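Asks: Residues per chain are reported as follows:
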Amino acid sequence: MTRAAGRNGFIVSMLVVPVGLYATFVLWPYIQSFYISFFQWSGYTSSKKWIGLQNYRALFHDSTFWISFKHNIVAIVVLCVLTMVLGLFFAAMINVGGRAGKTRIQGVRGAPFFQFVFFLPCVLPIVMVGVLWQFIYDPSTDGLLNRMLSPLGIYGNWLGSTSTAFASMLAVMIWMSVGFYVVIFTAAISRIPAEFIEAAKLDGASGLKIFNRIILPVMWDTAQVGMIYIGIQALDLFALISTMSGNPSGGSGTGGPDNATQVISTYLYSNGFAYGKFGYATAMGVVLLIITLVLAGGLFRLTRRERIEF
Amino acid sequence: VAATGHLEVAKTDGKRTPPASNRADASTAAVVRFVFGGTLWLWSLLVIVPLLFAVLTSLKANNEIFASPLRWPKTLRWNNYARAWTKADIGRYLGNTLFVVGLAVILTLLLSSMVAYILARYSFRGSRIVYYLFILGLVFPLFLAIVPLFFVAKDLHLNNSLIGLALIYAAYSMPFSVFFLTAFFKTLPNELAESASIDGAGHWRTFLQIMLPLARPGLVSVGIFNVLGLWNQYLLPIVLINDDKKFVLTQGLANLAVQERSGSDYGALFAALIISIAPVVAVYVAFHRQVRSGMTAGSLR
Chain B
3 MTRAAGRNGF IVSMLVVPVG LYATFVLWPY IQSFYISFFQ WSGYTSSKKW IGLQNYRALF
63 HDSTFWISFK HNIVAIVVLC VLTMVLGLFF AAMINVGGRA GKTRIQGVRG APFFQFVFFL
123 PCVLPIVMVG VLWQFIYDPS TDGLLNRMLS PLGIYGNWLG STSTAFASML AVMIWMSVGF
183 YVVIFTAAIS RIPAEFIEAA KLDGASGLKI FNRIILPVMW DTAQVGMIYI GIQALDLFAL
243 ISTMSGNPSG GSGTGGPDNA TQVISTYLYS NGFAYGKFGY ATAMGVVLLI ITLVLAGGLF
303 RLTRRERIEF
Chain L
15 VAATGHLEVA KTDGKRTPPA SNRADASTAA VVRFVFGGTL WLWSLLVIVP LLFAVLTSLK
75 ANNEIFASPL RWPKTLRWNN YARAWTKADI GRYLGNTLFV VGLAVILTLL LSSMVAYILA
135 RYSFRGSRIV YYLFILGLVF PLFLAIVPLF FVAKDLHLNN SLIGLALIYA AYSMPFSVFF
195 LTAFFKTLPN ELAESASIDG AGHWRTFLQI MLPLARPGLV SVGIFNVLGL WNQYLLPIVL
255 INDDKKFVLT QGLANLAVQE RSGSDYGALF AALIISIAPV VAVYVAFHRQ VRSGMTAGSL
315 R
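As they're listed, the protein sequences go chains B and L.
Per my numbering, residue 3 is the first one in the first sequence, and the count goes up by one each step.
Per my numbering, residue 15 is the first one in the second sequence, and the count goes up by one each step.
For the record, the hints were derived by calculation from the structure and aren't laboratory data.
Everything numeric in this text was worked out from a predicted model, so none of it was measured.
Check each hint, because a few of them may be wrong.
Sample of chain B residues facing chain L (criterion: CB under 8 Å; computed from the structure) [unchecked claim]:
1. G8
2. I13
3. L23
4. Y32
5. Q34
6. F118
7. V133
8. L134
9. I138
10. F182
11. V185
12. F240
13. T245
14. A298
Here are some of the chain L residues that sit facing chain B, going by a computed Cβ distance under 7 Å [said to hold, decoys possible]:
15. F50
16. L54
17. F154
18. L163
19. N246
20. L287
Cβ atoms here follow ideal geometry from the backbone N, Cα and C, with glycine treated the same way.
Let's have the full structure, built from the sequences with the hints guiding it.
Replies: Set out below in structure tokens:
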């Protein structure tokens, strides 16, 4: 008995606390959420009323929800394209852009410095970044950005105008996340065997050609993971938008001006915790899950290429 | 799958005579390098200038801030920091954050390494189910759980409690940590554990005294990842904590930003901002390599 029983006892005693904690605070809420989404519920047990698919039907006809949904999609596309392109470009510049010998490639001078600086915004809490940029975007002519652009004759009410608010926030997202992709692409580039690039150089291939024919193809794996990361971020955006568009505890203050920056997460939060429509908010959460799964699956297919292995 | 990238390697020995246009090519290349290199400096400025602006603003009097945003302050107003610390309560929020994040990360490391060790080294019925239940937490959005979680915490009297918040942080940090550490424990050599067991070490001793110390590099990566991630957490505290004595930094600062909009003590607000980001920036400056690899660790597997 002893050995086997000791083994089983060990397994159980190692798992019971972690799995218990995880089940209580993560799994149980997830399970409940599907159920809650079928209720009209303001948070008090007495007011809980089963309404079937009514929340989902209402969601389908809620124009603000569709605006939010559209903003999330725009964010996914814009952030995927711009962050990836910039990240890849900078990573390539930093790692192979240096003055090279005939046969060797080399990073630019100061490569460690660039890596350090580019990644710096990634460690800053998003809320702090939001507060900082809110000041940079100050609408007065004394605001930092307006002041810097005034020689070019550009002035903007960046966060206050419905036409620029969302783009201004996406720009901050890009500012924050490019460094992350520079780092993961750098890791991918460093896995390319040096002989490959040397051989291409010997053949007289230009830098652009090396980038297109060698670096880009081996990046697909990394790009795929990167896009899923960005996609998941683009479906969230809560911390940034709620700090830059007003105070979430102030109720309808989030997502403004005039819903120009409303996304699913901010709308969900307002519905749940400001308007007390818990059932409705949860139904939105379920839709968000479906979008997440579709997105992850879709990106996986879209970017599936033949892998290059060494 | 393995479509090996074939490159036509020149059969000459690399000493081909350079074409006549080589010199022109070289100077074009230099220009291209200069322009491209310039973009690297441009982006660096784009990162540094806003942060510099924040530091300068935190040391200025109100009237100076908008008059000359990027100029060096006439006198360094350190008492902006004093006001942020006491009047705006940033000292308290910093203490709360250190407590919650510290406790949560210790719990996460302990609990996740227990699960990961079992999943990586023991086979038993249901082990794949346990693994996939944790992976599920990686995929499902936090927003799906947030409403029910609020009520679960309330029923357990864990809302408005820093310990409750730490427990919940730990629970939500586990999926990634378990995922990462399971892979890590699988890479550790078997021999040590086997010889320990031959020497009569029990399961617990093998885990605590042999395998856990070996997993240290993995624990460091996961630890860094979680410290930065949880320092950043905003949704959970604003849902679970509404007593302003128990605010963490992110929510305290967001709140302060709204108040100062009307009160307009921008110097103190920026001092508070600098205080809130100083710890993470310090960690990054000291351990930048580990931080970069720790934060991107998930994407490299």
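Asks: Taking the closest Cβ pair, is L163 of chain L under 7 Å from chain B?
Replies: holds (4 Å)
Asks: With a cut-off of 8 Å, does the beta carbon of L23 of chain B approach a beta carbon of chain L closely enough for the hint to hold?
Replies: Where the cut-off is 8 Å and the nearest Cβ of chain L is about 5 Å from L23 of chain B, the hint holds.
Asks: Interface hint check: F154 of chain L, Cβ to nearest Cβ on chain B, cutoff 7 Å. Holds or violated?
Replies: holds (6 Å)
Asks: Hey, does the A298 of chain B contact hint survive, CB to chain L under 8 Å?
Replies: holds (7 Å)
Asks: Minimum Cβ distance from V185 of chain B to chain L below 8 Å?
Replies: Where the cut-off is 8 Å and the nearest Cβ of chain L is about 5 Å from V185 of chain B, the hint holds.
Asks: Does the nearest C-beta of chain L fall within a distance shorter than 8 Å of the C-beta of I13 of chain B?
Replies: Since chain L brings a Cβ to about 6 Å from I13 of chain B, closer than 8 Å, the hint holds.
Asks: So, as I understand it, the hint says T245 of chain B touches chain L; can you test that by seeing if any CB pair is closer than 8 Å?
Replies: It holds, given that the least Cβ distance between T245 of chain B and chain L is near 5 Å, below 8 Å.
Asks: Can you verify the interface hint for V133 of chain B: is its Cβ closer than 8 Å to any Cβ in chain L?
Replies: holds (5 Å)
Asks: Does F50 of chain L meet its interface restraint, that is, does its C-beta lie within less than 7 Å of any C-beta in chain B?
Replies: holds (5 Å)
Asks: Against chain B, is N246 of chain L within 7 Å by beta-carbon distance?
Replies: holds (4 Å)
Asks: Against chain L, run the beta carbon of F118 of chain B and see if the smallest gap drops under 8 Å.
Replies: holds (6 Å)
Asks: For the restraint on L134 of chain B, tell me whether the closest CB of chain L is nearer than 8 Å.
Replies: Where the cut-off is 8 Å and the nearest Cβ of chain L is about 5 Å from L134 of chain B, the hint holds.
In summary, this structure violates none of the numbered hints.
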